[in-house]
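Colleague: Line order of the protein sequences matches chains A and B. For our numbering, add 183 to where a residue sits in the first sequence, where the first one is 1. For our numbering, add 170 to where a residue sits in the second sequence, where the first one is 1.
Derived by calculation from the structure, the hints in this document are not laboratory data. Careful, some of the hints might be misleading.
If you want a taste of the chain A side facing chain B, the calculated C-beta under 8 Å gives, among others [as the list claims (entries may be wrong)]:
no., residue
1, Ala238
2, Phe268
3, Ser298
4, Met332
5, Gln341
6, Arg403
7, Cys418
8, Leu451
Estimated spans, in silico, between C-beta atoms of each pair [unchecked claim]:
no., chain 1, residue 1, chain 2, residue 2, range
9, B, Thr520, A, Phe405, 40 to 46 Å
10, A, Arg347, B, Arg519, 34 to 40 Å
11, B, Phe510, A, Ser420, 41 to 47 Å
12, B, Ala499, A, Arg347, 30 to 36 Å
13, B, Phe343, A, Gly369, 18 to 24 Å
14, B, Phe343, A, Ser380, 39 to 45 Å
The C-beta atom is built at its ideal place from N, Cα and C for all residues, glycine as well.
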Amino acid sequence: MGSIESLFFDIGHLDALSSKDSPIHRVDPRIKVLTTIYFIAVVISFNKYDPAGLAPLVVYPLAIMTIGNIPFSYIMKKLLIASPFVLSVALFNPILDRSPALDLGLFSVSGGFVSFASIVAKFVLTASAGLALIACTGFDSICSALSRMGVPGAFTIQLLFLYRYIFVLGEEAARMVRARALRSFGNKGLGMGVYSSMIGQLLLRTMDRAQRIHLAMLCRGFDGEIHHVAPSKICLSDVLFLAGWSGLFTLLRLYNFPAWLGAELGRLI
Amino acid sequence: MHMADALISPAVGGVMLAATAGLTVYSARKLKEEIDDRKIPLMGVLGALVFAAQMINFTIPGTGSSGHLGGAMLLAILLGPYAAFLTMASILTIQALFFADGGLLALGCNIFNMGFFPCFVAFPLIYKRIAANSPERKRILAAAMAASIIGLQLGAFGVVMETFSSDISALSFKIFVLLMLPIHLAIGIVEGFVTASVVGFVTKTRPGVLKMATELSGSKQISIKPVLITLVIIAALTGGFLSWFGSANPDGLEWSIARSSVNKVLESSESGIHALLSRVQKKTAVFPDYNFRKDKTEEYAKGERTQGKQDAWPSVSAGTSISGLLGGAMSLVLAGLIGFGIKTFQRRRTNK
């Protein structure tokens, strides 16, 4: 992850996207969470030598992003930033796995390259579906959906608190980093001594802040639970959304659509 | 270094997600027992602190690289294991949702690797034993160092185990271990130094804070037993459930074996005692599939070699390869067309 400024840009931008209005934004958050999880499960259940079978599944993130008015370039940029670990593990496949898997007449492609392609495809599909979910739903709605789906209250409260204070503490940390950068020349002053006292200072201030927050919460009648406003209800269109998409995913998983399409096209040509 | 969805199989993701869900419920219940709602805002802001601290780098002398705080051990020292586990889980959830850093199904793996090991293994078994609440600097350093290193080594080993049992990467177990463990040894040493120096700074400037933290985290001894027992039960249950699921929908590898003639031999031997035993094993094993995986892969490879272009899958023949590629490309184009169609439809509606 990059600098603190880019962190804010990222979270703020996703938040702005989630406050838009579209048919996807209006779907009940629980339905969206379930559909996304089922989608990811179907994607990762594909055989590692079958990248072509994954191709039609791209329709889900694509549809969500177009209907939800989410810019592709933004999601793609985020995918690139998140990709290094996956790529570095996947890169070993072409090197280690050299058994031929695809025969293209003139040359053949090794199994390693095929499984590399399928890992990359899986990464693009799962990560873009996850980002599309948060961009069309918003974090508060996801938290309330999670708590209504049975996730313990302590955890969802923690998620909401963390999300709220990332901005506050992040700004504070950004100011400290700027101050340190202005006072240090070359690599002097960027070492661990200054760093740990910086984090220590931030920690002490944070604990004081926690005490003030707690008092403020008690003044406002905090009883250990956070109440979400106007919980949405699941209506017929939501059920159809879930049933339609998961039916499609199941069909695409059970029947190899690209193989059929390729064979038909080959016959036509 | 977060596990991604693309590197795990649904079975591994599901089991780890179930285990993490169990731990989360357990920690939340334990936290409720303490009935101290001072901790709720404290957990939130400390989580945000770790998040912010991960963005601040420092230079590591003599290497030219830079490091930052991981935070799990610091959280465990300040909050106690249960609250620290929940806080770590929330940090990882936000990273997965907002940064695609670790996937949604892989979240279970990530929380287990980076939350369970430091909070429930390294902190109570190593840090607490060595540090023993003494304000001595050297002691804190030794404790933080040992706990951070061991916590991170276990986490890295977890990553290797999860990747290996998912059978997606071609990396062999040994090479992957040799790659991951040394890297995380270095990270663990840095983490240990940072944790110790932050804790040292706090004890020096405001000694009351850590005392408050230990009071907040409960005076009771943390017992690891219930956690382990619930884990084993959950793993057994989900393993059984998933294997039942798995046998109904065989994955590609099993399917390929089912289609190759090797399986006919296998099937014919599955009568009498052998069948009975395998049935018993299927019922009792936590990972019924993985017991056979290695032999299956070997047989699969053998079958491919000897049978060549018969019906082993993926069958290596030009015709199916090309039609597969063509079909894949065409379905991508189709999906793109659907997206494009939605876009033009929307534009027309807004123009009206």
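Colleague: None of the hints should be skipped; say for each whether it holds.
Modeller: Against the structure, the hints come out as follows:
1. Ala238: Cβ of Ala238 (chain A) sits 4 Å from chain B, so the hint holds.
2. Phe268: 6 Å, holds
3. Ser298: 7 Å, holds
4. Met332: This hint is violated: Met332 (chain A) lies away from chain B, its Cβ roughly 11 Å from the closest one there, beyond 8 Å.
5. Gln341: 5 Å, holds
6. Arg403: With a minimum Cβ separation of about 12 Å from chain B (threshold 8 Å), the hint on Arg403 (chain A) is violated.
7. Cys418: Because about 22 Å separates Cys418 (chain A) from the closest Cβ in chain B, which is outside the 8 Å limit, the hint is violated.
8. Leu451: Not OK, violated: Leu451 (chain A) not within 8 Å of chain B, min 11 Å.
9. B:Thr520 - A:Phe405: 40 to 46 Å: 44 Å, holds
10. A:Arg347 - B:Arg519: 34 to 40 Å: Hint holds: Cβ distance 37 Å, inside 34 to 40 Å.
11. B:Phe510 - A:Ser420: 41 to 47 Å: Because 24 Å falls outside the window, the suggested range is violated.
12. B:Ala499 - A:Arg347: 30 to 36 Å: 46 Å, violated
13. B:Phe343 - A:Gly369: 18 to 24 Å: Since Phe343 (chain B) and Gly369 (chain A) have Cβ atoms about 44 Å apart, the given range 18 to 24 Å is violated.
14. B:Phe343 - A:Ser380: 39 to 45 Å: 42 Å, holds
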